[in-house]
Amino acid sequence: MKNNRYIVIVGCGRLGSHLANQLSREGSSVVVIDKDETTFNNLSPDFSGFRVQGDATQIVVLKESKLKNADIFIATTHEDNVNLMVAQVALKIFSVPHVLARVFDPKREEVYAQLGIDTICPTSVAAEMFLRAVANGATEGKGIKP
Amino acid sequence: MKVLIVGGGKTLYFLCRNFAAKGYEVVIVNRDKAECVQLARQLSATVVFGDGSDVRILKEAGAMRTDAVLAITPNDQDNLVICQLASLRFGVPRTVALVNDPDNAEVFNKLGVSAFSTTQIVGSLIEQRASLEQIINLLPVGEGRVNVTEIMLDADSPVSGKRLKDISLPQNALVAVIIRDNQPIVPRGANELLAGDRVVLITLPENHGPVLKAITGERK
Numbered sequence: 001m002k003n004n005r006y007i008v009i010v011g012c013g014r015l016g017s018h019l020a021n022q023l024s025r026e027g028s029s030v031v032v033i034d035k036d037e038t039t040f041n042n043l044s045p046d047f048s049g050f051r052v053q054g055d056a057t058q059i060v061v062l063k064e065s066k067l068k069n070a071d072i073f074i075a076t077t078h079e080d081n082v083n084l085m086v087a088q089v090a091l092k093i094f095s096v097p098h099v100l101a102r103v104f105d106p107k108r109e110e111v112y113a114q115l116g117i118d119t120i121c122p123t124s125v126a127a128e129m130f131l132r133a134v135a136n137g138a139t140e141g142k143g144i145k146p
Numbered sequence: 001m002k003v004l005i006v007g008g009g010k011t012l013y014f015l016c017r018n019f020a021a022k023g024y025e026v027v028i029v030n031r032d033k034a035e036c037v038q039l040a041r042q043l044s045a046t047v048v049f050g051d052g053s054d055v056r057i058l059k060e061a062g063a064m065r066t067d068a069v070l071a072i073t074p075n076d077q078d079n080l081v082i083c084q085l086a087s088l089r090f091g092v093p094r095t096v097a098l099v100n101d102p103d104n105a106e107v108f109n110k111l112g113v114s115a116f117s118t119t120q121i122v123g124s125l126i127e128q129r130a131s132l133e134q135i136i137n138l139l140p141v142g143e144g145r146v147n148v149t150e151i152m153l154d155a156d157s158p159v160s161g162k163r164l165k166d167i168s169l170p171q172n173a174l175v176a177v178i179i180r181d182n183q184p185i186v187p188r189g190a191n192e193l194l195a196g197d198r199v200v201l202i203t204l205p206e207n208h209g210p211v212l213k214a215i216t217g218e219r220k
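Protein chains in written order, with the numbering used here: chain A, 1 to 146; chain B, 1 to 220.
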């Protein structure tokens, strides 16, 4: 039931390519978009999805990746504003049912939660894990998994 | 009125100079330190150094008490986020974003941010002026929903020598003013159009082409 979803990922850096490889391996149809063609080298040899080279802030590039048919959209570029913009376009214009965006700045994250975009803030997540590790460290010492 | 402008370059400089001359209070946010120093020297404006899409910088620039925010950076995504943060987070009543990719104008409007594309505006001006050399002046008004065009009539024009009531123009078009020998006339049906007249037309973008054709005839 988890398989056979159509997933569009913007950004093929460390995070984007990791997600693309994993989701493709699980059987989803994956399209990765990146401005820089060389980032597609991060994809594993068994990645069976499509690669689109282009700037996702241009709507023609999103159209080319057939965003209308997507079940899930994930924005993972290293620029918060790019992620926030393409996520809104995916949600409001292409009516993608599930839209996720990586946002580094926790202050920006609050505002976009209001607009119905699921954001993941690596800074907050990492901070939380560190704090938990610090709290547990006194008693257990190890066993924290990401 | 207090205006906050995020961006740089000559457009920003001349805009600010213009606004300052009108007595507006101008605050500039720019992420290039050297340019900030330069702008602060040249303009009577408050200059804030930093990323305009950062909530803290907007706060420092006094976004809370601003009447309008203008985002004119070269990156569409930054302009969108600046305007959204300004209106959602700081309640700025009016925000306007520049879109560098003309296709994004429609996208931004759908996302609730009013946007303009200089490429589109300049492009259509050049196109319409270049396509017909009789066009002297063209001015889009009402956010581009109405065109005011000034045309010079010559002897080849199919309407030269005709009375206004005998000319059939497409719907929603008007010959508003005739300028003859530097005298403006607001014409009625009985007025004639003559070669050498300068005619001010009101058209809509959708009938602009056909109306011009009716006035100037088919030309290459």
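There could be a bad hint or two in this list.
[Unchecked claim] In silico DSBU-like pairs for lysine-lysine, Cα to Cα no more than 30 Å straight-line:
1. B:Lys110 to A:Lys66
2. B:Lys110 to A:Lys68
3. B:Lys33 to A:Lys35
4. A:Lys35 to B:Lys2
5. A:Lys107 to B:Lys2
6. A:Lys107 to B:Lys213
7. B:Lys22 to A:Lys107
8. B:Lys110 to A:Lys63
9. B:Lys59 to A:Lys92
Rather than coming from a laboratory, the hints here were simulated on the basis of the structure.
None of these values were measured; they are calculated from a predicted model.
- Hint check, failures only: Violated: hints 4, 6, 7.
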